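Asks: Going line by line, the protein sequences match chains W and L. Quick note on my numbering: the first sequence kicks off at 1 and runs consecutively. Quick note on my numbering: the second sequence kicks off at 1 and runs consecutively.
Hints are supplied without guarantee of correctness; some may be wrong.
To be verified - Across the chosen pairs, the derived CB separations fall in these ranges:
1) W:Thr44 with L:Ser179: 52 to 60 Å
2) L:Val53 with W:Gly129: 31 to 39 Å
3) W:Ala21 with L:Phe50: 49 to 57 Å
4) W:Arg92 with L:Asp175: 49 to 57 Å
5) L:Lys221 with W:Thr122: 29 to 37 Å
6) L:Ser179 with W:Arg9: 18 to 26 Å
7) L:Phe137 with W:Arg92: 49 to 57 Å
8) W:Leu4 with L:Leu43: 25 to 33 Å
9) W:Gly168 with L:Gly261: 44 to 52 Å
As the list claims (entries may be wrong) - Negatives, chain L to chain W, calculated, CB over 12 Å:
10) Ser52
11) Glu56
12) Ile143
Read the hints as simulated data drawn from the structure, not as lab findings. Model, not experiment: these values are computed from the prediction. Each residue gets a CB set at the ideal place from its N, CA and C atoms; glycine is no exception.
Residue strings, one per chain:
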Amino acid sequence: MGKLSKPARVYLAFVFFVLYAPIFYLIFYSFNSGGTMSSFEGFTWEHYAAVFNDTRLIIILLNTIIVALLSSLISTAIGVLGAIGIVFLRNRKMRNAVLSLNNILIVSPDVIIGASFLILFTMVGVKLGFASVLISHIAFSIPIVVIMVLPKLQEMSFSLIDAAADLGASKRDILTRVIIPYIKPGIFAGFFLALTYSLDDFAVTFFVTGNGFSTLSVEIYSMARAGITLTINALSALIFIVTLGLVVGYYFFNQRARTIGTGGQ
Amino acid sequence: MKSNAARPFYMIPYYLWIAFFVIAPIVLIGYYSFFDLEGKFTLGNYQNFFSSVYLELTLSSFWYAFLITLFSILIAYPTAYWLTKTKHKQLWLLLIIIPSWINLLLKTYAFIGIFGLNGPANKLMSALGIGKQQILFTDFSFIFVSVYIFIPFMILPIFNSLDRLNPALIDASRDLGASSWMTFRKVIFPLAINGVKSGIQAVFIPALSLFVITRLIAGNKVITLGTAIEQQFLVTQNWGMGSTIAVFLILFMFIIMMATGQKDKGGAANGKIK
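Chain L extracted, bound-state conformation (with noise of 0.2 Å):
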């Protein structure tokens, strides 16, 4: 195509950003993790990170996330799979969505509101005889709440994955005499599982890195690897520190998303069934 001959000059926009805004930061990151407090090169953050706080806190990070992924899988899948068998079941994603289009802050707020010592969930609790309880600033209050905001964005891949399922498929493994369970075991997750390895991806990687519901949720009790960055760029102005646990981010970053990647053939395939 002759348009292609000359450089496109419109793009050059677009490849500014990509030098400035996509390479130049990830380099920063790189690079700021080298100096120290006083600017001076050293090796010491990445030997400080890998003292027992800074271990001990990536266990705990790493721990917190893999239960809110868990939780989220667990209430996510029933709810997708039942969502693609109702009527207008696009509206009814549309209406699961919506929630997860709301300010992260105000849902965070909302929950200081009904876990508080006041609050419905502790009324809840006296009516039940159980009695009043601290909820706020356990770890409790602060796995729910993170789960509730990423429920959205688990049910919405495994719905898509589950919908692109061949019904033709379930009825071939019922009338081959398969139960429920082994069609669901043998059938549905194994054909549906690219949905749950995005919902791992759009969950776990978030989760490692949320500092917005340990503060206000957690009560600075629980630290995420999100939290710790939060507190060396802005609180303790430790840029080499804070960017050195990035750089670890970052790597368990790739790390996650290889090992939840999908070979794209595999999941085009399965998209065309239908």
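Bound-form chain W, shown alone (with noise of 0.2 Å):
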């Protein structure tokens, strides 16, 4: 492996300046005393301290967490439940196609996922707020949480669950002892990955919440369209800091995945 070219480094490193600088940005200001992004007044923490105290921002920070954490973990269920299913689905077609119809949400653009949600919530009467928003990031988290955990059960030798039942083991026992155990790195990147769709959704939310019910990104919209409040750059400051320790806490789950799935074959 050659080591790169001039030109190549100034590019790679022009990508990365670019695709970093208004994170970096927005930071950044989130420390002006001034009230504004343009000029840098003095180094100041009362844009945090706002974000503290506005009792209003808080209780959006905590419905955007609690729906962020009870529909990852339902549709972390739901979703290892499905994909097993679909790993002892005998019939080809038969699995092609609750596969395609899993993808079908993943491939959905947030706009019709969202129009097409409001439409099934009205006819059905569950009310617009924090129902329909759990319903709904739990409905689009199930198919990533499958996508994740697909691959370790593939991966995964069928004999191990036949020795299993030889042994005597009920399908209970196979299920907790032998099955879940071996994909347990799935499970955690699906769980992560669905944490991280649930915070980060703005489009599917936006529609089906009412008007009493906020989340954070749907906030963070109307503030922003009201104009810069440098309230939303602290935010986005401790957005970026949470963040980054999920992306590592995935990274970290993935690489033991990937470490132990090589180790099996």
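Mind assembling these two chains? They're in different frames, but the hints should get you there.
Replies: See below:
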């Protein structure tokens, strides 16, 4: 593998600069005592204080976290069971059909998901608010969990299950003592991904949230439409740190998943 | 296997999910597209869609999505190519992906500041002697921010397909006397085309349906199919027309997926070379 040529290095450096500049630009101005994002007057924590003193914002933040945690937990449970079921489907055509249905929500534009869920909730009579947001987040996270868990399951040798069955394990034992431990890294990866999808989602939530309930992205959207407030900057700095933590966590589990995967082959 | 004899009960929640949140929503969108504002059955929405306003909107939406995809490929391909040549490529790739995990709204919001009248972009322009310009609320800012948002989604699949290339093929092409350009055109590009196709899928469809960036950065001057759907559903409350546009967006989505679809076997074989 040859060393990179100079133009290549400059090009890559430039791409990295452009990718990160806006993020650091936001964070930098979150410490600006002047009220704008154009001239830096002095260092201050006041915008962070503003975030933590704003009860409404804190409630929205808590809502966002509760929705994210609940939806990723529930979607992980349903998704893992679904993935196990798919692997055991013997009919190849049926399996492909289920997989295609699984992937529809992943490739669908958010606007379509949001609009169609809005119709669905209105028809069924689910009140728009916490419940509709939570259900939507569960719904769009399930296929991601399935996608993350399936490769682990396919890697697993079926003789493990046969061996367990021969040794007298019940179906339940096989599930909890053989299958789940084996695919654990996939489950964690799916959970983390579901968590970040939920935290990140704007478009779907925007459609299915009523007047009384709001998540962070919906709130940021309405704040940003009103103009620049450095509170958003402080908020984004905090979100950036949390996101970074989640990415590192996800990467960690993914790496572990990979080493276990190759070790098993 | 015995465990298969009884219909697995644990699949029930998953199947319910498919019925309620995959199939039902699509059916409902189709159903609602046949109703007008008063709730009467009509084909008028479809007639409307083929009127000049909506056709124009569709065309301009496609044009913007095309430009965004094109610029994304132009920037992402060299990036992905050189990334595969770096020493700690997985780490660099992770660093490319991290910005894509940051909330879309925050990144868009950053550009309101950067492209603002007193923002750094205008300061740079003044320093260069071009003078202050209205950057925000133009086509340029819309395309720039969209490309910025989508770049990681284009780099990732291209990187993966380039990374899977067997280096022996490139050596062979060199040994047989091909120039680097020739090697790229005849060996690297055709073998890694699947990455570009996945990248197009990951960028073109979302670019058709953007509405956040259009609202915040393009100041309602650019209207995409996504903006139109949002408008019909949440502002005008004309669910019928919104659903009709959604039906077409879904159709376009399928067409694009077909056009950029990959034969699984080819892709898998490509992956197994390594």
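Asks: The structure should be examined with respect to each hint, and the outcome stated for every one.
Replies: Against the structure, the hints come out as follows:
The supplied range of 52 to 60 Å is met by Thr44 (chain W) and Ser179 (chain L), whose beta-carbon atoms lie about 58 Å from each other. A C-beta distance of roughly 34 Å is found between Val53 (chain L) and Gly129 (chain W), which places it inside the suggested range of 31 to 39 Å. At roughly 44 Å, the beta-carbon separation of Ala21 (chain W) and Phe50 (chain L) lies outside the given 49 to 57 Å, and the hint is violated. Under the hint 49 to 57 Å, the C-beta atoms of Arg92 (chain W) and Asp175 (chain L), about 43 Å apart, miss the expected range.
The supplied range of 29 to 37 Å is met by Lys221 (chain L) and Thr122 (chain W), whose beta-carbon atoms lie about 31 Å from each other. A beta carbon spacing of about 23 Å between Ser179 (chain L) and Arg9 (chain W) agrees with the range 18 to 26 Å that was offered as a hint. Remark: the range hint 49 to 57 Å for Phe137 (chain L) to Arg92 (chain W) is upheld by a beta-carbon distance near 53 Å. Evaluation of the 25 to 33 Å hint for Leu4 (chain W) and Leu43 (chain L) yields a failure: the beta carbon distance comes to about 59 Å.
A hinted range of 44 to 52 Å holds for the C-beta pair Gly168 (chain W) and Gly261 (chain L), which are about 47 Å apart. The beta carbon of Ser52 (chain L) is kept farther than 12 Å from every beta carbon of chain W, the shortest such distance being approximately 23 Å. Listed as outside the interface, Glu56 (chain L) is consistent with that label: its C-beta sits roughly 19 Å from the nearest C-beta of chain W, beyond the 12 Å cut-off. Distance to chain W confirms Ile143 (chain L) as a non-interface residue, since its nearest Cβ pair spans about 14 Å, more than 12 Å.
Checked against the numbered hints given earlier, the structure breaks hints 3, 4, 8 and satisfies all the rest.
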